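Engineer: Going down the list, the protein sequences come from chains G and L.
If you read the first sequence in this note's numbering, its first letter stands for residue 76, the second for the next number, and so on.
If you read the second sequence in this note's numbering, its first letter stands for residue 4, the second for the next number, and so on.
These are calculated hints, taken from the structure and not from any lab test.
All of these numbers come straight from a predicted model, not from anything done at the bench.
Treat the hints loosely; a few may be bogus.
[To be verified] Derived lysine-lysine pairs resembling DSS-like cross-links, with alpha carbons at most 25 Å apart: (1) LYS527(G) with LYS649(G); (2) LYS736(G) with LYS117(L); (3) LYS635(G) with LYS541(G); (4) LYS654(G) with LYS192(L); (5) LYS117(L) with LYS654(G); (6) LYS104(L) with LYS654(G); (7) LYS649(G) with LYS104(L); (8) LYS426(G) with LYS693(G); (9) LYS527(G) with LYS259(G); (10) LYS649(G) with LYS177(L); (11) LYS563(G) with LYS117(L); (12) LYS104(L) with LYS635(G).
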Amino acid sequence: MSSETTDLTQLPPGPVIKRKLSRDDIVMRGGMVVIALYLVVTLAFPLYAMLSKSFSTYHFELSNYEMQVSDQEGVFDGTVLNPADLNTSTGTYSDADFSTGSDGRLPVAKLFPDFSFRSPVMYQIRNALPGGRFLVGSTLHDTSDWVEMDSNTFRRVQLRPVKSTGMDNFVNYFSTPALSNSIKNSLIIAVISTVITVTLAFWFAYALNRSCMRFKGMFRLIAMAPILVPSLLPGIALVYLFGNQGMLKELLFGASIYGPIGIVIGSVFFTFPHAFLIISTALAISDARLYEAAVSLRASPWRTFWTVTIPSARYGLISAGFVVFNLVITDFGLPKVIGGQFNMLAVDIYKQVIGQQNFEMGAVVSVVLIIPAIFAFALDRYVQSKQVATLSSRSVPFQPSPDAKMDRIFLIYSSLVGLFIIGILAVCQFAALIKFWPYDLSLSLNNYQFDKMDGGGWGSYYNSIKLGLLTAVIGTSVIFFGAYLVEKSNGFRLGRSLFQMIAMLPMAIPGMVLGLAYIFFFNNPANPLNWIYGTMAILVISAVTHFYTVSHLTAVTALKQMDREFESVSASLKQPTLKLFSRVTVPVCLPAVLDISIYLFVNAMTTVSAVVFLYSPKTSLASIAVLNMDDAGDIAPAAAMGMMIFYTNAAARILHLIASKGILRRTQAWRAR
Amino acid sequence: MTQTASGDLYLSISNLWKAFGDFIALKDISLDINEGEFICFLGPSGCGKTTLLRAIAGLDLQTRGSVQQDGIDVSNLPPSERDFGIVFQSYALFPNLTIEKNIAFGLENTGRSKPEITARVSELLELVGLPEQGRKYPAQLSGGQQQRIALARAIATKPGLLLLDEPLSALDAKVRVHLRHEIKELQRKLGVTTVMVTHDQEEALTMADRIVVMNQGVIEQVGSPTEIYREPANLFVADFIGEMNQINTAVAPDGQLWLGSERLSCNGHGFTQGSSVVAAIRPEDIIPHQAGYVPDAGNSNCIEVLMQEMEFLGSFWRCHLQSDRFGASELIADFSINAVRRLELGEGRTMVVELPENRLMAFAQPEAN
């Protein structure tokens with residue numbers, strides 16, 4: 076009992092008692108550190124590498140070199156020429172020519188207007204200052220020794236740039252309208268697509284949740300179909316429908332599908348399921364008592380809609396908006412296929428990196444693209460944290476009552492949306508089976524002979540399946556275990572909250588940006604992990620990392636529903652936590668585990684942006700093959716490959732469904748009372 | 004077979020503090036528990052009783068202070084290195100394992116052979132009275148049955164200390180009363196030192212050898228159920244456990260308590276003259292007398308009251324008594340049905356009540372917060 080003399084209002088001085096770590100604590104903390112390290116290496120380091128790349132600039136410094144020129148007999152008179160002075164007098168290169176990329180090369184022979192590679196004149200060149208470098212052919216010289224050569228060799232002398240750090244790349248970017256216009260373009264397209272998609276998805280979800288129309292199950296299935304295909308597939312369908320030789324070209328009244336119109340239509344297609352899912356969840360949890368109250372207060376249906384329905388679904392609507400915005404602004408495949416001359420940020424990255432080999436500028440565009448993506452992500456997290464459980468245990472679920480007229484209107488509306496989705500897929504399948512649009516409309520399987528086209532052939536298809544399976548298996552294990560460690564270990568509070576933060580980060584990073592960051596980080600010869608560049612491993616890593624957040628959140632949600640005291644009981648029984656994990660936690664969370672794995676599989680199959688910079692000829696992928704075949708003009712085979720992805724994912728989904736049902740029946744007998 | 008609670012010192016808690024940020028949940032707690040004792044931590048929610056239990060288990064480590072178990076300092080040991088079994092309010096049974104597997108969970112990896120484990124599991128199922136239920140899953144059992152399985156799992160490895168965290172509060176009233184008895188019986192049979200956390204005073208009074216009454220992070224009183232009930236150490240304990248009449252008053256020059264213009268004798272309370280105190284007496288300690296009753300010489304603790312209201316509560320009458328001496332507050336007394344009939348008590352009548360000197364208590368006024 077407390078003595079009279081002790082001050083009970085504050086802790087007595089003394090050290091905080093540190094708990095002796097048990098073997099389990101050490102195992103769990105060790106596991107957490109390993110997975111956190113994985114995230115740091117596959118996320119934080121590459122992003123840092125990219126950021127620093129965006130600030131590195133390269134330029135040619137002519138004053139770093141000295142040259143001598145002989146007379147016609149090959150005798151040098153000792154006059155040392157400064158290339159900078161030469162350029163001033165001849166005006167060969169403008170200042171703009173001196174800024175370049177890390178790979179830039181500047182030929183020096185051009186500084187001599189009367190240069191001829193057949194002349195007997197001899198040349199000498201050397202680095203006057205440390206840091207100067209030049210190439211003779213492919214041999215690098217970085218010492219201050221004079222190198223003498225004939226004019227034919229001098230033709231092949233190229234200066235290498237000097238690296239410095241600064242904002243030049245950004246200045247360059249914003250002063251080039253062709254580049255910076257993309258910001259405006261991307262934002263406008265994203266906003267328009269968001270408004271259209273959220274509106275369409277809201278009414279679709281409303282019809283499915285709040286009306287008594289028929290075929291709800293079928294509509295739900297159709298609404299989810301776009302998730303199974305790469306985002307560039309609707310682009311291919313739109314080309315067939317409205318392209319220069321499109322079936323319905325006249326419907327556009329002369330407008331071109333290549334550009335904003337095509338991007339918006341395609342974006343609506345591929346973001347629709349995401350918006351639908353979120354809004355549908357928001358609408359599904361509604362309290363019937365509010366509607367009864369509204370009816371008893373004689374509120375008109377219109378007023379009820381605005382005062383009850385919309386407010387209770389507002390978080391879902393806002394969240395769906397941010398998700399769609401993010402998907403559209405970071406998507407690369409669709410604008411690549413249908414964008415034409417209309418520049419978008421994600422495509423700019425691709426063009427800078429693949430087209431112009433300008434990695435620094437690619438990094439700059441990436442940094443620019445991250446800003447709206449992170450912004451939308453952060454706002455979404457903020458909105459979600461505001462959303463408290465509006466459904467209490469006393470809530471009564473809303474049961475729609477039949478209304479013949481409204482039900483018919485909703486059925487017509489849903490059919491139109493369903494027709495749009497099915498139509499896009501049907502057009503792709505149709506295109507894949509037609510011999511030669513629009514001249515020979517007979518059916519054939521020629522377009523499936525992928526081995527005869529660019530893009531990696533059937534091998535890329537099998538690679539994709541391999542990637543999907545590896546991502547599903549490895550990703551699910553890593554992510555679920557990581558979530559378990561973070562959710563159920565003791566103490567270590569700082570480490571755990573740090574882990575949670577890192578785990579949220581991948582969602583904010585566009586796939587293109589992650590891929591480019593991987594080039595900078597893993598392709599660096601100084602990186603000991605350099606060997607994974609160009610292998611299947613880097614594709615798996617990028618896919619796991621790119622899709623980490625959603626899977627992590629799914630796992631955490633499932634784990635939070637487990638009794639918090641399981642670990643305490645297990646510890647009191649002196650059993651290792653890992654036994655509890657394998658015997659109880661995993662079996663009980665099996666539905667969530669299966670959900671995570673199918674999510675990872677489908678996304679690994681369809682992603683283009685996360686892998687477009689990372690595949691090698693040996694690890695080409697189906698989604699990349701669609702992109703490349705389309706690029707090469709083989710649009711029909713591209714559609715065929717796209718549909719292969721669709722059928723594979725659909726089959727995987729069905730298998731997943733059967734497997735979950737089977738496994739659940741066998742292992743989850745305890746669920747039934 | 005009955006084991007008395009006078010074993011050797013088993014668990015010793017000294018100067019324990021626990022802080023959650025700025026909030027201090029346990030303040031300088033010291034407590035000794037003997038081997039084989041059944042101890043209840045009793046107190047209102049937020050008093051720190053569960054925090055203390057979790058500190059003993061090592062689930063949430065104390066900020067200062069030490070815990071000794073069976074002569075060993077376990078202050079900083081993780082739960083897996085301490086010797087205890089625990090039962091939670093939620094049972095925390097593993098839902099995907101059968102009852103048998105749940106009970107066997109702690110027996111595995113301990114050097115026991117399969118047949119040994121099977122034998123021990125059926126022995127335990129027998130012990131908790133559910134011999135036929137081994138193959139079922141937890142969700143197929145009732146709440147009370149699940150709680151017994153949780154208990155069987157906790158004692159399977161024969162721990163030296165059994166910790167029960169509000170084990171009965173999720174159950175309905177009838178099952179609770181029944182299980183109360185069973186748990187106590189089982190604990191006696193096994194002789195295992197047991198600490199139970201509860202906010203239900205009836206539970207504590209019926210089950211515990213000793214009750215630790217806690218409030219706002221400190222121990223208010225430790226004692227046997229009868230001590231706690233009959234001789235509460237302070238007003239908080241008096242008020243928290245059972246019913247208690249309270250009348251604000253002051254100490255008269257001769258050590259008696261003022262009640263209006265009269266004085267009541269009260270056994271050694273130790274307060275000085277003039278200090279304001281709370282006079283307290285339990286309703287069942289008030290003795291009824293007929294109106295006009297004249298006490299014997301020397302027995303002055305009688306006052307005349309008006310019967311304001313009577314409530315019939317089955318085995319007794321709860322009577323609300325009024326007198327100008329109490330001011331606005333009333334005195335509540337429980338009178339037996341016999342007494343009411345014999346003394347012809349009724350609403351609106353006057354009567355005399357006696358507040359026996361040895362049952363009348365005086366406490367310090369609670370500090371104004």
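Engineer: Now tell me if each hint is right for this structure.
Structural biologist: Right, here's what the structure says about each hint:
no.: 1; hint: LYS527(G) with LYS649(G); in the structure: 63 Å, violated
no.: 2; hint: LYS736(G) with LYS117(L); in the structure: 33 Å, violated
no.: 3; hint: LYS635(G) with LYS541(G); in the structure: 32 Å, violated
no.: 4; hint: LYS654(G) with LYS192(L); in the structure: 32 Å, violated
no.: 5; hint: LYS117(L) with LYS654(G); in the structure: 18 Å, holds
no.: 6; hint: LYS104(L) with LYS654(G); in the structure: 13 Å, holds
no.: 7; hint: LYS649(G) with LYS104(L); in the structure: 15 Å, holds
no.: 8; hint: LYS426(G) with LYS693(G); in the structure: 23 Å, holds
no.: 9; hint: LYS527(G) with LYS259(G); in the structure: 40 Å, violated
no.: 10; hint: LYS649(G) with LYS177(L); in the structure: 34 Å, violated
no.: 11; hint: LYS563(G) with LYS117(L); in the structure: 30 Å, violated
no.: 12; hint: LYS104(L) with LYS635(G); in the structure: 24 Å, holds
Checked against the numbered hints listed earlier, the structure breaks hints 1, 2, 3, 4, 9, 10 and 11; every other hint is satisfied.
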